[in-house]
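Participant: Take the given structure of chain A and dock chain B to it, following the hints.
Residue-level listing of the chains:
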Amino acid sequence: MENILQGLMYPFLFLSMYFQIFLLMSFFENRKKIKEEEFFETEHYPTVTVAVPCWNEEKTLAATLDSLLSLNYPKEKLYIIVVDDGSRDGTFQIAQEYEKNNPQQIKALTKSNGGKHTAVNLALAQSKADLFGCLDADSFVSPDSLKIIVSYFNKNNKVMAVTPCMHIRNPKSLIQRMQAIEYLMGIFLRKAFGQLDAIQVTPGPFSIFRKSVFETIGNYRKAHNTEDYEITLRMHKHHLKIANAHKALVYTIGPATVKGYFFQRLRWVRGFLENSLDYKEIFFKKEYGNFGMFTLPVAFTFVFYGLYVAFFMLYIFVSHWVGVVERWLAVGIHLRVPIFDLFYFSTTTITFIGMVMFTMFLLVLYIANILTDDKQEFYRNFPIYFFFYPIFIPFILGRSVFDTLTSRKNEWVLQDNKK
Amino acid sequence: MIDTKKYIFTFLITSTIFVTTFFMSTFFSNKRVESVKSIQDTIAIDILSSETQFDLLKEVPCSNVGDTILSAELSELGNKLSHTETDRGETDDDVIYLKKYYSLLQIKDYLLSKKLVEKCGVGKKPVFIIYFYSNQGDCPECGREGYVLTRLKEIYPDLRVYSFDYNLSLSAIDSMKKIYKIKSELPAIIIEDETYTGFQSLEDLSALLPDTLKMSTSTITTSSSTKDNK
Chain A
2 MENILQGLMY PFLFLSMYFQ IFLLMSFFEN RKKIKEEEFF ETEHYPTVTV AVPCWNEEKT
62 LAATLDSLLS LNYPKEKLYI IVVDDGSRDG TFQIAQEYEK NNPQQIKALT KSNGGKHTAV
122 NLALAQSKAD LFGCLDADSF VSPDSLKIIV SYFNKNNKVM AVTPCMHIRN PKSLIQRMQA
182 IEYLMGIFLR KAFGQLDAIQ VTPGPFSIFR KSVFETIGNY RKAHNTEDYE ITLRMHKHHL
242 KIANAHKALV YTIGPATVKG YFFQRLRWVR GFLENSLDYK EIFFKKEYGN FGMFTLPVAF
302 TFVFYGLYVA FFMLYIFVSH WVGVVERWLA VGIHLRVPIF DLFYFSTTTI TFIGMVMFTM
362 FLLVLYIANI LTDDKQEFYR NFPIYFFFYP IFIPFILGRS VFDTLTSRKN EWVLQDNKK
Chain B
3 MIDTKKYIFT FLITSTIFVT TFFMSTFFSN KRVESVKSIQ DTIAIDILSS ETQFDLLKEV
63 PCSNVGDTIL SAELSELGNK LSHTETDRGE TDDDVIYLKK YYSLLQIKDY LLSKKLVEKC
123 GVGKKPVFII YFYSNQGDCP ECGREGYVLT RLKEIYPDLR VYSFDYNLSL SAIDSMKKIY
183 KIKSELPAII IEDETYTGFQ SLEDLSALLP DTLKMSTSTI TTSSSTKDNK
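Respectively, the protein sequence lines represent chains A and B. Each number in this note's numbering comes from the position in the first sequence (counting from 1) with 1 added on. Each number in this note's numbering comes from the position in the second sequence (counting from 1) with 2 added on.
In short, the hints are calculated from the structure, not lab data. Just so you know, not all the hints are guaranteed correct.
Stated by the list, open to error - For lysine-lysine, the following PhoX-like pairs were computed, each having C-alpha atoms within a straight-line distance of at most 25 Å:
#1 Lys102/B with Lys242/A
#2 Lys129/A with Lys223/A
#3 Lys33/A with Lys179/B
#4 Lys287/A with Lys7/B
#5 Lys7/B with Lys286/A
To be verified - These stretches of chain A come out as covered by chain B in the derived footprint (C-beta under 8 Å, 3 or more residues):
#6 17-23
#7 321-328
Ideal Cβ positions, reconstructed from N, Cα and C, are used throughout, including at glycine.
Okay, chain B solo, but in the shape it has when bound:
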């Protein structure tokens, strides 16, 4: 004997669970986007604060200006944004919005850091890498290049890597592309105003980095080893 009511009731329960899981997923996914937005807002305020401080430079000495040490936060933000992109898909409106916001923050941080170096001297000179990638299937080497840059940052914590999605429709990115004459040949990497296209290995990129960065890293390593030995 077939109990039709039981079949219908089971269908309703299963559908309810399915719908609930869908809403739960949407809820947590939105929470994640909010969390990324919140980090971006905090960084935006920090940059604005640094810019304001910078404007006051005329009246205060360099030593009083906080370094725009936002790379760590930006790096963490980049990781979270990348995770959100994987989770929601690269065509998701929220993801595109967050990527645009993130790209602008990177440009701001880059410009501010450069200005600070100009005003406050070479002693604080950081090394920048600007990286253009594409995740639309037209850049098979971009994945590998990403691994190399992540590793490079682990080796040289003072290195600042700014990543930009080549296909992101944002006028500021278009201007960057024009300034550095970036065509569609990707991945494209800019170090010390020189543009390199195609896959660059860890060794290739390490060779292009200025010695000051390598020395500061080796100093840090040596001093920490000395501490460890004590």
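One chain only, chain A, in its complex shape:
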């Protein structure tokens, strides 16, 4: 039984390693181009509208708006539309106060609750700017982020959307520190995917689009509560180019509790699966390039394979502890001094493959930390990620797959209506 389970690991390990190497190669062969991006000049300042959809965000909205008002961008070219999506707290009052103090730049709108996509679409309908973006009300931009993003549009007329470099803001709790490493990995992935025209998602916090994108492909949709992923799929469907500005720093508040993290990831994974199935015609079609032929099918496969690996690891873990408990029951608990002998070191093929992949993973994080201007507390956050992340994965993937297969309603949406 264990041998069969172990044997199934090899195709997964091969695919994972192939994926890692492919992305690293794409990154390294474009490293000069990536370096050049850092020197893009912003000579032309197009008009930009940033929508801030919010639902019960009275605690963070002011700071989000302050960060937008602090952007190094001509004030007469930047418009902010705050859309209160039927909040039950003081969110709209805060938005109105900001509108009163900045009437030229900020507009505050309110509507009954209809979901994030309806709020963004309301702002989109009001916008006449050249570029349109969205910033979640629990996210914050660095002063130069918009200028850097705009430079990508100026440099290449074909670029239709630009994604930023996302970090977790002030990671304090254990869960947030774990996410800090996840986001760091995301920085590398987005950059590498960008070189392949295969960016997977234009995240809610500060992805900026040419206005013409919406004229071509239409407005945001509910899209299983992951509208940012769906719109990316639609852009790929229409062969619209997406770039990544790795120096445009954006910070978001990550869930601080296990429950919050679990529900957010459940929504993301479920949204990924459901939307991918809705766009299954992209899979393995040459016309969609690396995205259709490689990165999307691999990412989709990883959800199921990840689930298998997670449960295999759980099986190994449980088997080990069943043995330990059996020994305790047979002879009682006796502490033993562990014997250090190289003889007992595991030398299986999986161990060596794991070592290679782990080294490559560290390399990916190292590159990501170089790419970003905000260096992360890697040595402090990585051990937390390493020990706790694998515990969450089986439950998140398992529940997401189960819910997708059984078409279970997203009952957690109300608990996690952000991002």
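Facilitator: Just chain B, lined up with the frame of chain A:
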């Protein structure tokens, strides 16, 4: 645009790494087998040396004969062999060969120790446990019995436990099975020429051990406690 060359090149690199890890694993696994063989060879020489010494007994007094204190080495060898078996699988040819070799060494050590006791008197009498197990899924209690015997050896360091795989195809083991009338009811434990089948708890086995062993252990414990108190 799809860069087919890059896909092929990545495939080649990944395959190379995979093949390399496979060879590395095989290399280190073989090294491990060699290491076990080397320990077995050393023990074999020690046993042969003891046997030769024993043959000379007629001409030298008992005090000049080194005790066949091979249990410690055999125990370490047993642990390493068990690890190798887990690593390579119980059906691996090298593992089967090593297990046969190990079983023969245990029998030799057992016979030699018994002979020595007969010739040189009861003062040196060690206590032997012969244990038959199976790891082919037909002995659900064998795992637990293994834990009990390991613990028993920790409590009584002078105890000599010889473990034999019931299913190992080796004529010497078959003879042992015949001598002690071991059927397929496992685990089977022989203490002082008495055979006990089924799971024996730590308490059950402790009760079966001769008092001399318990006393020597308590003497060791007492003397070491006295030393500690000084």
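Participant: Next step is simple, just say for each hint if it's right about the structure.
Facilitator: Here is what the structure says about each hint:
no. : hint                   : result
1   : Lys102/B with Lys242/A : 67 Å, violated
2   : Lys129/A with Lys223/A : 23 Å, holds
3   : Lys33/A with Lys179/B  : 74 Å, violated
4   : Lys287/A with Lys7/B   : 15 Å, holds
5   : Lys7/B with Lys286/A   : 18 Å, holds
6   : 17-23                  : holds (count 4)
7   : 321-328                : holds (count 3)
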